[in-house]
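Asker: The chain contents come next:
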Amino acid sequence: MSPNLRIALRFLTAKKRAMLMSLSCTVLGVGLFVLTQATTSGFEEFFIKTILGTDGAMRIEDKIQDTLRQMTAGGGSDFQISQRQGLKYIEGVEEPKLIINALKDFSNVSGAAPVLRGSVLVRADFKNESAQVFGISLEDHLKVSDLGRQIVQGEIATFREQPTGALMGRVLADRLQLSTGSSFILEAQGQRLRYTVSAIYETGVADIDKLRVYVHMSEARSLLQKPSGVSFVQVNLFEKDRAPQNSIQIQEVLKHSAKPWQEREKSWLSTFRALRISSAITVSVFTLIAGLAMFNTLAMIVLEKTKDIAILRSMGYERRDITQIFLWQAGIVLAIGAFLGCVVGALSTLGVSYMPLPISGIFKTETFVVSWNIWHYVEAIATAALMVMIASLIPARRAARLEPGDIVRGTAQ
Amino acid sequence: MADTANFALRCDNLHRYLGQDDARVHVLKGVSFEARRGQVYAIVGPSGCGKSTLLYLLGLLDQPDGGEIEINGRKMSNTDDLARTAARGEHIGFVFQFHFLMLEFTALENVMMPMRKLGRLSLPEMADRAHSLLSSVGLGEKTHRLGTQLSGGEQQRVAVARALANQPSIILADEPTGNLDVKNSALVFDLLTRLAKENGQAVVLVTHNPEIAQRCDLTRPMRDGLFV
Numbered sequence: 001m002s003p004n005l006r007i008a009l010r011f012l013t014a015k016k017r018a019m020l021m022s023l024s025c026t027v028l029g030v031g032l033f034v035l036t037q038a039t040t041s042g043f044e045e046f047f048i049k050t051i052l053g054t055d056g057a058m059r060i061e062d063k064i065q066d067t068l069r070q071m072t073a074g075g076g077s078d079f080q081i082s083q084r085q086g087l088k089y090i091e092g093v094e095e096p097k098l099i100i101n102a103l104k105d106f107s108n109v110s111g112a113a114p115v116l117r118g119s120v121l122v123r124a125d126f127k128n129e130s131a132q133v134f135g136i137s138l139e140d141h142l143k144v145s146d147l148g149r150q151i152v153q154g155e156i157a158t159f160r161e162q163p164t165g166a167l168m169g170r171v172l173a174d175r176l177q178l179s180t181g182s183s184f185i186l187e188a189q190g191q192r193l194r195y196t197v198s199a200i201y202e203t204g205v206a207d208i209d210k211l212r213v214y215v216h217m218s219e220a221r222s223l224l225q226k227p228s229g230v231s232f233v234q235v236n237l238f239e240k241d242r243a244p245q246n247s248i249q250i251q252e253v254l255k256h257s258a259k260p261w262q263e264r265e266k267s268w269l270s271t272f273r274a275l276r277i278s279s280a281i282t283v284s285v286f287t288l289i290a291g292l293a294m295f296n297t298l299a300m301i302v303l304e305k306t307k308d309i310a311i312l313r314s315m316g317y318e319r320r321d322i323t324q325i326f327l328w329q330a331g332i333v334l335a336i337g338a339f340l341g342c343v344v345g346a347l348s349t350l351g352v353s354y355m356p357l358p359i360s361g362i363f364k365t366e367t368f369v370v371s372w373n374i375w376h377y378v379e380a381i382a383t384a385a386l387m388v389m390i391a392s393l394i395p396a397r398r399a400a401r402l403e404p405g406d407i408v409r410g411t412a413q
Numbered sequence: 001m002a003d004t005a006n007f008a009l010r011c012d013n014l015h016r017y018l019g020q021d022d023a024r025v026h027v028l029k030g031v032s033f034e035a036r037r038g039q040v041y042a043i044v045g046p047s048g049c050g051k052s053t054l055l056y057l058l059g060l061l062d063q064p065d066g067g068e069i070e071i072n073g074r075k076m077s078n079t080d081d082l083a084r085t086a087a088r089g090e091h092i093g094f095v096f097q098f099h100f101l102m103l104e105f106t107a108l109e110n111v112m113m114p115m116r117k118l119g120r121l122s123l124p125e126m127a128d129r130a131h132s133l134l135s136s137v138g139l140g141e142k143t144h145r146l147g148t149q150l151s152g153g154e155q156q157r158v159a160v161a162r163a164l165a166n167q168p169s170i171i172l173a174d175e176p177t178g179n180l181d182v183k184n185s186a187l188v189f190d191l192l193t194r195l196a197k198e199n200g201q202a203v204v205l206v207t208h209n210p211e212i213a214q215r216c217d218l219t220r221p222m223r224d225g226l227f228v
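Protein chains in written order, with the working numbering: chain A, 1 to 413; chain L, 1 to 228.
Bound conformation, chain A alone:
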């Protein structure tokens, strides 16, 4: 152990009460930082997981029409002026198979599934409701969504086996008082076709659960009278965070608009980000308090240890050693505080994760959603380290600046 560290340890243990105060503030700061980040990120991550599991990481829809206007000079000249007029879109994907085949060349694409969408009226025995029918190829769709895991009543296998089967959102089924095995009519384009509820799903997203009815692609084509093409291709990615970059590349290559999930869910993601920043600011106040407590403790130790500083300086300890001794004290409190703070943060996160909190609307959960992410701990420690080190630098430098002659003279008087 270095002499400076040894001295720092003794100085600290001599001021137990002040040290415990600084330590508890640091523990509280780090612990609360971890807990708030875990809870706010937990809900955000859960929302992202829900939305990715429902609508995929990317949607490829509307074809981009080339609107390049060209003027060529006459008289056999090669002179030509080209001018882009802005983008025009043709609704839907005319050749989904070609698009899906082309998507296989993108290494980050893990799956692609065609979806035909249209507005319908759902007629049940007691009530009618407006809804949206989603024609899907089940096996493809299961690769780009969590639909299989979102079934809350019935079996996905029943839907697979029933050509006129349908998967209905829980809210819509409740409103129409339908359960698995019940039959209902979908009406669109003047057509009325009868279906059976194969299973009921629940994503937790109210806008989806009250609107969507999934049927087989062939049935959707008959109902919506669309023999070819689809509304969009739902794409899943291995690395979801790369969706914006991938969408630019895909749009460039496939000449279809590609919308990443970050853009699609921009408003909710902004809300979560604002929430996270707000809680980070709140928590920073706690770490600031930890810093102030550290400042207070060290300033007190400097005041009480001026005599010892003079002794050390008279024995050949440099200004740098004195600074180090006080920074070591801050470092020791920080290290213990950060460790205990992380433990407290992890335990309270675990405790909170068992707290009952029924939420549905933007996602479905019965308990508090938390996120276990090592970076929350790293960020908490880094914030506390910054605060504590800034707070300890002032008293440490003050201690180092003390002139031994002044101290000895002052004491001698």
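In short, the hints are calculated from the structure, not lab data. Cβ atoms here follow ideal geometry from the backbone N, Cα and C, with glycine treated the same way. It is possible that part of the hints are untrue.
[Claimed, not checked] A few chain L residues facing chain A, derived, Cβ under 7 Å:
#1 19
#2 20
#3 24
#4 56
#5 61
#6 65
#7 100
#8 102
#9 113
#10 117
Go by the hints and put chain L onto chain A.
Answerer: Positioned in the frame of chain A, the structure of chain L alone reads:
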């Protein structure tokens, strides 16, 4: 040259002002002083005559406003803080009036403290030397006692042992017996002078005690910032 080598400490025409503006006082008015190895010097004089100020300047704890200080032939005035700190660690041992032990540490740790900084010896060698020094000041049985568990006289004896730890060529003592009873005063003075003489160290002490001053090799009385 031989004469120069005999001097552990020299100062010439030292000036020092303390306080600021109207309260500025000319404490040292051109003091010159020399200390030979193996000799014990007493600086005596009334309070406020500048004895302690001179001692802190000689110990490089303070900086003069004018004049020169030489430690073992090396000019130390106008050197930077780092050089002065290094010289303190290597060449100078201090004994202060109020013991100035680090009370959270044991007697042994206090004596080892300057050795740890200088880093000349290995840890077991440091511990051996600290034990031997504490034994020579009669505290061989109390090496593991904290500063708070020692009497005033014992603390001052630890301070003497600590001052000798790095075998400095100069021992500076500011009223080393000022806070002790007669018996302990004599004990501490005897220790200081005996050990210093054995090791060929120059001892400069500031004292109000005429008996202590008489027992020194040379007494230098001071008045109003000058030797008289």
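Asker: A separate judgement is required for each hint: does it hold in the structure or not?
Answerer: Hints, one by one, checked against the model:
no., hint, result
1, 19, "violated (11 Å)"
2, 20, "violated (13 Å)"
3, 24, "violated (15 Å)"
4, 56, "holds (4 Å)"
5, 61, "holds (4 Å)"
6, 65, "violated (13 Å)"
7, 100, "holds (5 Å)"
8, 102, "holds (5 Å)"
9, 113, "holds (6 Å)"
10, 117, "holds (5 Å)"
Checked against the numbered hints given earlier, this structure breaks hints 1, 2, 3, 6; the rest are met.
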